[in-house]
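*Asks:* Sequence:
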Amino acid sequence: MKRRIRKELLNELLSGYEKSDDLTGPEGLLEQLTGALVERALAAELTEYLGHEPGAPAVHGNSRNGTSPKTPTTEQGEVPIEVPRDRNGTFEDRLVRQHQRRFPGFDDKIVSMYAPGMSVRDIQAHLSEIYGTEISPSLISTVTDAVVDEVAKWQARPLDPIWPIVYLDAIVLKLPGDRCLIHVGREVSRTLASAPLLSAMVHFSGECPRIPRKCPSFQALTLAHSG
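Residue numbers for the sequence shown follow the numbering used here, beginning at -15 and rising by one.
No lab work stands behind these hints: they were computed from the structure.
Heads up, some of the hints might be wrong.
Derived CB-CB ranges, DEER-like [stated by the list, open to error]:
id, residue 1, residue 2, range
1, H44, P148, 51 to 59 Å
2, T51, I146, 50 to 58 Å
3, V43, S112, 24 to 32 Å
4, E113, A140, 23 to 31 Å
5, R105, I146, 15 to 23 Å
6, G45, E113, 13 to 21 Å
Backbone N, C-alpha and C fix where the C-beta goes; we use that ideal spot for every residue, glycine too.
Work out the full structure: start from the sequences and follow the hints.
*Replies:* What follows is the structure, given as structure tokens:
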């Protein structure tokens, strides 16, 4: 069954985005979410391959040697990323293979992994689907740890202390599920009266915040359930 991204998560991610290019255009939301987690996963792959963390002494006479650019294509368009390299030139990542240009089926999984309430097991299941069955449990575990850290940083992002203008709105929706609504794609028979509260904040400069390329950081969000 195809997983569905929860409406609450979409409301959170889309807060402050006004034009379609903000979502799917160059340096838009989907590109940045995908790029951030892919780069963390690739870095974790190299750690597993080398057998030591960044900055630690080389274990097998091989070490990190910068990155090289690559631009795989997802359903939403091109996603520029930096692929880590090793000094001996023997590392071949599993997620974005050397000659791979298409990156199908990844956008929805990436967005879902940023959802509040996603457990380590949930994220591990997503990554297992992306990688397939050919990789070792230890590699999945290493990549999961890196991705969980990236997601945790986003969920704990700081907000600016003062916003001169704040726009708030809400709409009451009848949604399937119970008050948890944690598992993406879960089928339940109950309905919940939910009021997603959308907030858009404006800086003193008069601009809504945009997301830095390397570190997803969304300044505006408020979500609540009614009833």
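*Asks:* All hints are to be evaluated individually against the structure, with a verdict given for each.
*Replies:* Consistency of the hints with the structure:
The beta-carbon spacing between H44 and P148, approximately 55 Å, falls within the hinted interval of 51 to 59 Å. The given range of 50 to 58 Å is broken by T51 and I146, whose C-beta atoms sit roughly 37 Å from each other. The given range of 24 to 32 Å is respected by V43 and S112, whose C-beta atoms sit roughly 26 Å from each other. Between E113 and A140, the C-beta spacing of about 26 Å keeps the proposed range 23 to 31 Å intact.
At roughly 39 Å, the beta-carbon separation of R105 and I146 lies outside the given 15 to 23 Å, and the hint is violated. At about 35 Å, the CB distance of G45 to E113 disagrees with the hint of 13 to 21 Å.
The structure fails hints 2, 5, 6 (numbered hints given earlier, in ascending order).
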